[in-house]
Amino acid sequence: MNQGNVHQEFGFVRRYIISTDHKVIAKQYLVLALGWAVLGAATAYLIRWQIAHPDTEAFGWGYIEPQVYNALVTMHGTIMVFFVAMPLLLSVFGNFLIPLMIGARDMAFPKLNALSFWIFFLASAVLLASFFIPLGPAAAGWTGYPPLSAKNEYTGGGYGTDLWLVSLALEFASFLLGGINFLTTAMNLRAPGLTWFRLPVIVWMQLTAAVIFMLSVGPLVAGAILLLMDRNLGTTFYLADGGGDPLLWQHLFWFFGHPEVYVLLLPGVGIMLEVITVFARKPVFAYRPIIYTTIIAGFLSFIVWAHHQYISGMDPRLAMPFSITTIIISVPFALIIFSIIATLWGSSITLTSPMLFALGTLGVFIFGGLTGIFNGSAPVDIYIHDTYFVVAHFHYTLFSSVFFGGFAGIYFWFPKMFGRMMNETLGKVHFWLTFIFFNGVFIPMHLVGLRGMMRRISNPMQYEFLKAIEPLNMFITLMAILLILSQLVFVVNYFWSLLRGKVAEDNPWQANTLEWTTSSPPPHENFVTAPAVYRWPYDYSLPDSTADWLPQNRSEATAKLVTP
Amino acid sequence: MTTQTAAISEMESPVGKNGTWWFLASEIPIFGGLIAAYIVMRLGSAGWSEASSHLNFTVALLNTFLLLTSSMTIVMAHAAVQRAALKRAAHFLGLTILLGLGFLGMKAFEYSTEIGHGFLPSSGIFWSFYYGMTGLHALHVLAGIIVNVVLWSQTVTGSLAQQPHRVELAGLYWHLVDIIWIFLFPLLYLA
Amino acid sequence: MDSVHERHYLIIWLWLIALVAVSVAAASVLPKPHAIVLIFSVAIVKAFLVAKHYMHLKNERAIIYAIALVPIVFVMILFLGLVPDFVWHLTKK
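Protein sequences appear in the order of chains A, B and C.
Residues 0 to 563, numbered by numbering that gives the first Met the number 0, are exactly what the first sequence covers, in order.
Residues 0 to 190, numbered by numbering that gives the first Met the number 0, are exactly what the second sequence covers, in order.
Residues 0 to 92, numbered by numbering that gives the first Met the number 0, are exactly what the third sequence covers, in order.
Don't read these hints as lab results, they were simulated from the structure.
Quick reminder that beta carbons are idealized off the backbone N, C-alpha and C, glycines included.
Accuracy of the hints is not assured; some may be wrong.
Below, a sample of chain C positions facing chain A; criterion: calculated Cβ distance under 10 Å [said to hold, decoys possible]: (1) 11; (2) 28; (3) 29; (4) 77; (5) 83.
Cβ pair distances, simulated, as ranges [to be verified]: (6) 57/C / 150/A: 28 to 36 Å; (7) 60/A / 60/C: 51 to 59 Å; (8) 64/C / 340/A: 21 to 29 Å; (9) 120/A / 14/C: 44 to 52 Å; (10) 57/C / 194/A: 24 to 32 Å.
Could you put together the complete structure from these sequences and hints?
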């Protein structure tokens, strides 16, 4: 179907607002996710201010009441997980890259793709609206445990929690539809010659993440319906005095919540691998084992969930089996991490800004993975649960994938998305500032947690035993403010490069995957002629070849003739 | 829809079918989560049989019959579409829609009777689950009816001929809704 | 050719109706525990019949089977995880 000329005649609205082009939709998600990131950072600032200088007026805001503090921690978690991490890692990179990397013109269901975005937009509007209603947004933590979330008199809130639930339900619907699109597209629209084991690792990671999400979110949707009923129809699913049980919510939530963290991690790992192979000029080490272990880890992610509930009052006999499965799940991830290290070993590394961020992802994730082992073991967790040690742990693992991985991806694919190069110097400055201040925030946070500082309380200084760590908390807050300010370097770079960046060629990084065989940015139908694939994506520095790299669409015959 | 460029894609199931099955796969844990929660809570406490004895078994039995039959009629519609007998397909789709509407009508009758007797979602945990599960199921039945009506009108006007496989796909969804009821009926009314 | 398909669908429908009748009869005739086992076994058989014959699962590729089966496995896992707390709740009440 030749749509080239038809699309030239579409107006602004049809081309950029209600577009069915996966590349435009990816950018729409990018704008929305980055916008939410600003709000998420603002909540982080206020939270850190309150902890370091309790009950003083935050600069630029004012006094933070305890109830407002509860709403802040709730919104920080909700925004960062569901409105920054999910759209950035899955919707932006999945939507943009999957059709391009498989040599397709667009997703299998382009209109469904557009619908997915607009449902997500609606979810965003609902959540944003909850900030402005009387009695404010949800304030029961991003995990929304009842009875706190089931009864308004406990949080002092109004229908903010109901809006929160509706917003999440819409968001889940959006991502379910997106997942269906990703999977069907990859199953059906691959270019000739592109067998499953010639796909770039990031595609495998996106697909596994999509499956994990689609199969884990159902029970939480069920649980959310039950919570809405408890809040509005007088039912008592989660209320003990009515014969219900708050633990039911916890199980339903974490049955989703744990696989969800791997949904967030896998795309970051995929980005890491794509960037590292390009800037190390070396094939990915153990490609098939990585894919198999990713799928195994995906399965295992469904049988570890109660490690979030060791001290919840659940049956203590569950602690041992879940500790065992949690320790086991570190094995496949260790394999993947070692494979990435092996990929780097003996390679020829160029430290561009995407590469720096990819290496940052690796280092930060290793650190976070190690503290995960502490948390996963029930005897240790009994001491550190609900302290800042956990907060430090998950910020290491999540930040590694979402921000270090996300920035690696943005810096790497910016030329392809926008046709311009980002400024390399600013990129390096952004990386080093982010890396230094990130560690400045979260390394001390482990100590603060081990000292016993609990989560989600607005004034830790009310406790005598925590007064000694007040200087540490103030240091962390200073680092956090500097971390947030450092992101301005990225903002400046992003907008300046969009307008005045050096025009990008088709393949500025000399990479093998199919998206680099077309122009920057690609035309509407992605490829002028549909590509065919002859090899896997990682033919870099082949020992028996003079070529430094061999694109996937380079056949054997032309490979011998042409040395790029 | 874009034409497939690749030999690869011809070896896979068609796009629409894969997409529909992934959709069904995501629906299973939603109802599965509700059903699992219901079963464990019921097994863990007493008194639910007393509550369930107030349900209208006869109506539910009739509803089971309606839904099972509608599964049969929609697959008949699919068979008719496969041999391009569009008029026959329209008849069977129409029957499916009527049976679905009958199901919803009976459900509405049940709900109004129960509410009239004072059995609300807040009347106890059995009732909470009953309304939650059957309510969510009924919403899915409604969605299916809407899809079927759209397809029926396309069959009648003839525009279905451009994408005939959609009847099969709508059927897959409808069968899932039927299968869920196959489990809800004994769980709520027979146990 | 297709009247064969249609006859086949009708036969499956008759089986489904018969199985419903068996369940209802079991509920009133058998003692409670036996009835429950029978009724749920019958439900599984009915679901299987609909899936295999109406949803044409028997004609589909292995991947479709996997897409249909894996979610069920995960729901089973969730169920098993819930049993200690909600069925055996020895630590509470």
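Which numbered conditions among the earlier hints are violated in the structure presented, ordered from lowest to highest?
1, 2, 3, 6 and 8
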